[in-house]
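**Student:** Build the full structure now, drawing on both the sequences and the hints.
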Amino acid sequence: MTSDRTPRILGAILVVLLAAGPFVPQWAIFLITIALAKGLVVLGLLILLRCGLVSFGQALYYCIGAYTAGMLGRLFEVDGVLTLMLAGMVVAAVTAYVLGFLLARYRGIFFGLLSLAVSMILYGLLVKSETLGSSDGFNVLPSTLFGIRPADEWVRYAVLVVASVVAFVAALLVHRYLKTPLGSLAPAIKDNEIRVEYMGASARYAIHVNYVIAAALAGLGGGLAATTVGHIDPEMAYWTTSGEFIFITILAGTGSVIAPFLGALIFGIIQTVAFDISPNTWQMVLGGALLAVIVFLPTGLWSLFRRRRAT
Amino acid sequence: MQELVAVVIDGIIYSAWLFIAAVGLTLIYGVMKIINVTHGSFYALGAYAAASITGALLAHGMPPMLSYAVLLGSALLVAIVVGPLIERGILRFMYVKDEVVILLITYALFLILEDVIKLIWGVDPYYISEPYGLLGSFDVADLTYPTYNLILVGVAIVCGAGLAWTLTKTRTGKLLVAVIHDTEVSRAMGINVDRFYVVTFTFGSLLAAIGGAFTAPTVSVVPGLGVEVIVLSFAVVVIGGLGSLPGAALGAVIVGLVRSATIHYLPQAELFVIYFVMAMVLAFRPRGLFSIAEARKI
Amino acid sequence: MAAILDAKGLNKSFGAVTAASDINAAIEQDSVVGLIGTNGAGKTTFINMITGYLKPDRGRIHYEGRDITDLAPRDITRIGICRSFQIPQLYSSLTAYENMLMGLGVVMRNAGVGGFFSRGRPNVPGHGRPAEEVADAILERFGLVEYRDKNAQVLPGGVRKLLDIALTMAAKPKILLLDEPTSGVSAEEKFVIMEMIMKAVRAEGATVLFVEHDMEVVSRFAQRVLAFYDGRIIADGSPDTVLSDREVKRFVVGGELHRLDEKQGAANA
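Protein sequence lines, in the order shown, are assigned to chains C, H and Y.
Numbering-wise, the first sequence is residues 1 to 311 according to my numbering.
Numbering-wise, the second sequence is residues 1 to 298 according to my numbering.
Numbering-wise, the third sequence is residues 1 to 269 according to my numbering.
One or more hints might be untrue.
Part of the chain Y face toward chain C, derived, beta carbon under 10 angstroms [as the list claims (entries may be wrong)]: (1) Leu-101; (2) Met-102; (3) Gly-103; (4) Phe-116; (5) Gly-120; (6) Ala-170.
The calculated DSSO-like cross-link candidates involving lysine-lysine, where the alpha carbons are at most 27 angstroms apart (straight line), are [said to hold, decoys possible]: (7) Y:Lys-172 / C:Lys-190; (8) C:Lys-190 / H:Lys-97; (9) H:Lys-33 / C:Lys-190.
Cβ-Cβ distance ranges computed for the label pairs, FRET-style [stated by the list, open to error]: (10) Y:Val-154 / H:Val-219: 33 to 39 angstroms; (11) H:Ala-164 / C:Val-98: 40 to 46 angstroms; (12) H:Phe-93 / C:Val-94: 53 to 59 angstroms; (13) C:Ile-277 / H:Ala-178: 49 to 55 angstroms.
These aren't lab readings, by the way, just hints derived from the structure by calculation.
Because the structure is a prediction, the values reported are computed rather than measured.
Note that beta-carbon positions come from the ideal geometry of N, C-alpha and C, so glycine has one too.
**Tutor:** Structure below.
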């Protein structure tokens, strides 16, 4: 039996990120931080996809996380970056707990469509709420870490440190969760729900729990994105944002908790590079990549690593 | 009273637009079980083709009254060129895959087509207002409406009635219903299912392109035009019941009237209300208002 | 002797079709009960009602003195009533071994073992060993070792049947309901397979109800037989009495005679 290498690989990635951060240009730090934020959302989608569920509305929780962070700063002048992210996570998780009673009953295309509808409800509300800047959104207060605001040239690095540590912890926890009996039920639910019931487990309960975890991760990612970008708008809840998250999930594959972050980084790089080279064809590149992955690598880019390791 | 009349008339016009934009989606889902995100691309392609072709012909001295035929012709051109290309070229290899995976494939195609549009037409907006202004306006209860809106309503009625007639009265329609009911049995009975698929996809896409083409004179045609249409037509089709023609009509009327009422009485809720209705229908009648109970398969 | 399972006055109809009509059966602990009857006689409906897949229109089911009529399938499974299926219900994308681990994982979770904060490899409740070892032990008992790492999808029909039954052993069932365990298996193999199942199941000390069409198998393995016809139980007793009952001969065994003939023919050849 092979030993579990994932925690060590995660640790190594964390060390590299923290060590290399100060020597990396600002735009690259920004790119990596955003990839970590999106990776957190995708990590949640990975859990759902393992159950065979594709949420076309995960942007709902991303947006909730971001707006929670933004509002806390705006209304109560809270600026601790960890507080903001955790608050986003909690609000997203509570919302998902309530909605989960309904959504955990749905499968296939209907799960996707209902989650889409719910996320569009939030979009519809935000886009018309003038106090929150309507479709323009608003700027998020500059945040602090444990009450300290680093010097300007270190701000991005400080956020990267926070993002890396948070993503590292989240990935480790999810990795461990997927090995517990409840977490490992996901492929069984995807495969044969009747058998799950007749083994004495509740597929609906497991899906509900996974749905809340996925939402919490998306909320965390949203909070991180808000503090990193410094601006939030209703587009964060729009269906194209959800589409982007699903895109990354499919691109990455569900083979490992590292895959979502890697996928998000590759996505970010494709987006930046393709956009720089040819602003009118970057979506075409993305679409082509998605199509190629679905057709040639149905289990995502991660399967490339597995195959190499196996040989 | 006047406001109520306005609500109803605005609602009908918006319903007509929604129906044209969404009915192809339900047709394609009904026959092929594909939730087709490229529907929005066809809408946008239709709008761009209509705007550029009509604009060019008008500049070369075409009689303005002919522009309506050109709008239709542009949509037809888009559907006939791009529809079979996508269905035969890509989608037909994917039918063995899961419904959700096919949805993702159409999403990938949507992303590609977004940029194809930019490559062909650039990023600057197109305007063709002639067909919109040409017919003048009419008055109802002291309210003035552009007569062009009546064309939208007419197109919606013709599309709906034509589809209903084709499905129930013609031989092709009856065969199509057989394909919808059981693809495998139909294939075994010698029905050319492949041809039905390509025709259905092209025709469904044509409806989307017509939606775009006839909207083009009323808006500025810009990149991203199809993005909102996708999610709106999802809402319409889901409310009525995926794959149901009367469902799409009902969904369009519900969304149209509800939106028009909120715009008049509670403008902040305009978008919220559409998706709220969608969510409620999914919550209480997940297969839509017009759905038939699905047989258990255990 | 006390009944472990007691069904009283069960009725179930689907529209105009009566699938169960006043079914009464008290099953004694540690007994092996054969359910016979032609297709549509109500055997599977009976099993479906006991395991919670169907709710009877009327009547109650008691298990160890507790009313289980309204429990969900998973709750009934948890208290020790497990079933196999006519069409095996497996995780087709997983290997036989992984199928077993999945079943054992649920057992552990239901007992609150092996959760997020547990360390090392905890034992599976009731089996006293870690899941990996239990999985291999059960596979071995059912003669499935050579199929351990094959995907359930590609297993031959008879092997899928065995794996389906092996999966139920994860939960250490007190009552095991086997729906046609030997269907799709050649006549010669039936005895071998039933022998193996019975040995494995009896080692765990479970009460067994099994649906079977082959009367030789029934008379060999069952201590008691319930004969179903048209949603009713028309005979109930030892295999000898039931199989020689005039009504049973006419309505049940008659329909199975050709199977006996085939068997005879095979034996003579």
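**Student:** Indicate, hint by hint, whether the structure satisfies it.
**Tutor:** These are the hints, each one checked on the structure:
Interface hint status for Leu-101 (chain Y): upheld, as the beta-carbon distance to the closest one in chain C is roughly 8 angstroms, under 10 angstroms. The interface hint given for Met-102 (chain Y) is met, as the beta carbon of that residue sits about 5 angstroms from the closest beta carbon of chain C, less than 10 angstroms. This hint holds: Gly-103 (chain Y) has a C-beta 5 angstroms from the nearest C-beta of chain C, less than the 10 angstroms allowed. With 10 angstroms as the threshold, the beta carbon of Phe-116 (chain Y) comes within range of chain C, its nearest partner Cβ sitting at about 5 angstroms, so the hint holds.
A cut of 10 angstroms between beta carbons decides the hint on Gly-120 (chain Y): the least distance to chain C is about 12 angstroms, and the hint is violated. Checking Ala-170 (chain Y) against chain C: minimum C-beta separation of about 7 angstroms stays under 10 angstroms; hint holds. The straight-line distance between the Cα atoms of Lys-172 (chain Y) and Lys-190 (chain C) is roughly 25 angstroms, inside the 27 angstroms bound, and the hint therefore holds. The suggested pairing of Lys-190 (chain C) with Lys-97 (chain H) holds, with an alpha-carbon distance near 15 angstroms, which does not exceed 27 angstroms.
Taken as a hint, the Lys-33 (chain H) and Lys-190 (chain C) pair is honoured in the structure, with Cα atoms around 20 angstroms apart against an allowance of 27 angstroms. A beta carbon spacing of about 56 angstroms between Val-154 (chain Y) and Val-219 (chain H) contradicts the range 33 to 39 angstroms that was offered as a hint. For Ala-164 (chain H) and Val-98 (chain C), the Cβ-Cβ distance of about 41 angstroms falls inside the hinted range of 40 to 46 angstroms, so the restraint holds. Checked against the hint of 53 to 59 angstroms, the C-beta distance between Phe-93 (chain H) and Val-94 (chain C) comes to roughly 44 angstroms, which is inconsistent with it.
The given range of 49 to 55 angstroms is respected by Ile-277 (chain C) and Ala-178 (chain H), whose C-beta atoms sit roughly 50 angstroms from each other.
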